[in-house]
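Per numbering that gives the first Met the number 0, residue 0 is the first one in the sequence shown, and the count goes up by one each step.
Don't take every hint at face value.
Restraint ranges, calculated between C-beta atoms of paired labels, are given here [to be verified]:
(1) D324 - S372: 50 to 58 Å
(2) R318 - H189: 26 to 34 Å
(3) R268 - R199: 40 to 48 Å
By construction, these hints were calculated from the structure, which means they are not laboratory data. Every value quoted in this text rests on a predicted model; they were computed, and no experiment measured them. We treat Cβ as the ideally placed atom computed from N, Cα and C, and that holds for glycine.
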Amino acid sequence: MARSGLRRRRTPSGDSARRRQGPGRAGPTSVDRTGQHGNRRRPRLPHRDRGTGRPRQSRVGGRHRPGRTSSRCRAGGNARHQSHAAERGNRGAGAVIPLFVPGPVTVDPAVLTAQATAPIYHRGDEYGRMLRDITAMLAQVLGTTSDVYCVCGSGTATLEMAVQNICPSGDRVVVATNGYFGERLAELCHRLDLDTVHVRADYTEPLPIQQIDRALRTPTTALLAVHHETSTGRVNDLATLANLCRAHRALCVIDAVSSAGVLPINMDRHGLDVVVSSSHKGIGGAPGVGILAISPRAWGRARAVAPPATLAGDWGRVRRAFLRDPAESLWTPPVSVMAGLHAALEALTRRAPLAQAQAHRAAIGRAVRAGLSGCGFTVWPSGAAEVAPVTAAEPPSGIAADELVATLREVTGVQIGSGLGPLAGRIVRVSHLGIELFHVFGLLGAISVATRGAADRAADGPAEQAWRAFTASAVKAAAA
Numbered sequence: 000m001a002r003s004g005l006r007r008r009r010t011p012s013g014d015s016a017r018r019r020q021g022p023g024r025a026g027p028t029s030v031d032r033t034g035q036h037g038n039r040r041r042p043r044l045p046h047r048d049r050g051t052g053r054p055r056q057s058r059v060g061g062r063h064r065p066g067r068t069s070s071r072c073r074a075g076g077n078a079r080h081q082s083h084a085a086e087r088g089n090r091g092a093g094a095v096i097p098l099f100v101p102g103p104v105t106v107d108p109a110v111l112t113a114q115a116t117a118p119i120y121h122r123g124d125e126y127g128r129m130l131r132d133i134t135a136m137l138a139q140v141l142g143t144t145s146d147v148y149c150v151c152g153s154g155t156a157t158l159e160m161a162v163q164n165i166c167p168s169g170d171r172v173v174v175a176t177n178g179y180f181g182e183r184l185a186e187l188c189h190r191l192d193l194d195t196v197h198v199r200a201d202y203t204e205p206l207p208i209q210q211i212d213r214a215l216r217t218p219t220t221a222l223l224a225v226h227h228e229t230s231t232g233r234v235n236d237l238a239t240l241a242n243l244c245r246a247h248r249a250l251c252v253i254d255a256v257s258s259a260g261v262l263p264i265n266m267d268r269h270g271l272d273v274v275v276s277s278s279h280k281g282i283g284g285a286p287g288v289g290i291l292a293i294s295p296r297a298w299g300r301a302r303a304v305a306p307p308a309t310l311a312g313d314w315g316r317v318r319r320a321f322l323r324d325p326a327e328s329l330w331t332p333p334v335s336v337m338a339g340l341h342a343a344l345e346a347l348t349r350r351a352p353l354a355q356a357q358a359h360r361a362a363i364g365r366a367v368r369a370g371l372s373g374c375g376f377t378v379w380p381s382g383a384a385e386v387a388p389v390t391a392a393e394p395p396s397g398i399a400a401d402e403l404v405a406t407l408r409e410v411t412g413v414q415i416g417s418g419l420g421p422l423a424g425r426i427v428r429v430s431h432l433g434i435e436l437f438h439v440f441g442l443l444g445a446i447s448v449a450t451r452g453a454a455d456r457a458a459d460g461p462a463e464q465a466w467r468a469f470t471a472s473a474v475k476a477a478a479a
């Protein structure tokens with residue numbers, strides 16, 4: 000009989016086996032602690048704290064020992080998968096490289112801890128209490144006593160839901176745009192088969208108020224506009240838009256996806272009818288939750304027209320779910336993201352007054368703008384606000400914007416945003432969200448490294464000078 004190509008390994012026995020195994024190793028017939036036969040070694044168990052019974056954190060040479068469980072791993076997993084050879088997800092000194100992109104943002108450690116807890120039942124008392132607390136804090140952020148709701152999905156999905164509930168097919172709407180995300184609003188209205196009047200301005204210009212006024216003279220259901228256009232770093236004036244809508248009896252629908260939390264919004268005082276935002280930018284949470292504030296006037300319009308064709312987009316169903324006891328989200332929400340959103344809102348509204356948090360964010364923005372100017376960038380105007388949540392800037396002559404973004408990412412690990420639409424390859428976009436002042440110096444140093452040799456620019460001269468000038472003025476202001 001021909002032999003098989005596979006040869007069976009002979010099992011050593013007796014003295015030969017003991018010699019091969021060496022002293023202290025289990026033999027082939029021994030039984031380990033689990034009752035399994037074999038020569039596996041006992042697993043090393045982590046040391047535990049006598050008081051809490053939890054595994055202790057232990058480091059050797061800056062690294063975690065195998066078999067030990069650290070608080071960082073328990074809270075957020077291995078953060079190295081989220082960055083370029085660096086850890087993320089912490090605003091403190093442990094955050095080697097935060098995100099400088101318009102969104103998502105680097106989140107507070109409390110957000111990571113909240114999201115790492117076990118999911119809770121979305122129809123139970125605990126979730127209901129958390130949901131009501133979230134909406135109360137969101138009402139404070141948006142400056143309203145009107146209803147505020149959380150829905151599953153992105154800011155774009157929430158905007159689409161809003162338009163569907165107040166504008167049936169064929170309704171006339173005016174969309175005022177001066178950037179990439181305004182153009183997306185116009186496309187959204189076209190796809191919903193609305194009579195869309197698109198009032199455009201160049202990406203480098205403010206909204207054309209006189210043209211908007213003329214467009215609204217024809218009976219119009221709603222005016223739609225973006226508060227903070229992250230493609231250009233420009234803030235549009237909400238009060239002016241709301242006044243136009245009141246004068247022409249149109250609803251005012253505002254995309255505040257990137258402005259809520261970081262810029263003052265006074266929905267009731269200005270008379271805004273629908274404000275849409277999201278969890279993952281100025282509010283400081285993770286992506287996945289849309290935020291929707293609805294005025295009584297908008298509710299009246301929604302009741303006067305047929306509900307939308309989509310089941311998940313029906314405002315009435317969203318409201319009925321929230322009014323239950325305990326309060327519920329429509330369908331199954333991302334409960335872990337909601338827990339993180341609750342923690343983010345607490346950090347934003349309860350650690351200090353909201354106005355103080357927004358002033359702190361503006362100070363960081365001024366530092367970014369001063370530093371980029373010192374590095375030779377042309378910083379674009381921020382429009383109706385002194386400092387926008389995102390700074391758009393043109394690199395110095397001879398430096399390609401897209402190449403700078405790629406070099407920063409590959410050489411230093413720093414990630415900033417590229418230009419969008421017609422601004423692609425022309426500008427870079429730097430977010431001030433989720434970072435602290437000491438991160439700005441690292442950003443400017445990385446930019447200096449990436450631009451070293453271009454236009455005979457020193458590695459750290461302009462950035463360092465700009466940073467020192469800013470910090471000196473900040474110290475004087477604090478002393479005064």
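Hints versus structure:
{"no.": "1", "hint": "D324 - S372: 50 to 58 Å", "verdict": "holds (55 Å)"}
{"no.": "2", "hint": "R318 - H189: 26 to 34 Å", "verdict": "holds (28 Å)"}
{"no.": "3", "hint": "R268 - R199: 40 to 48 Å", "verdict": "violated (29 Å)"}
Hint compliance for this structure: hint 3 is the single one not met.
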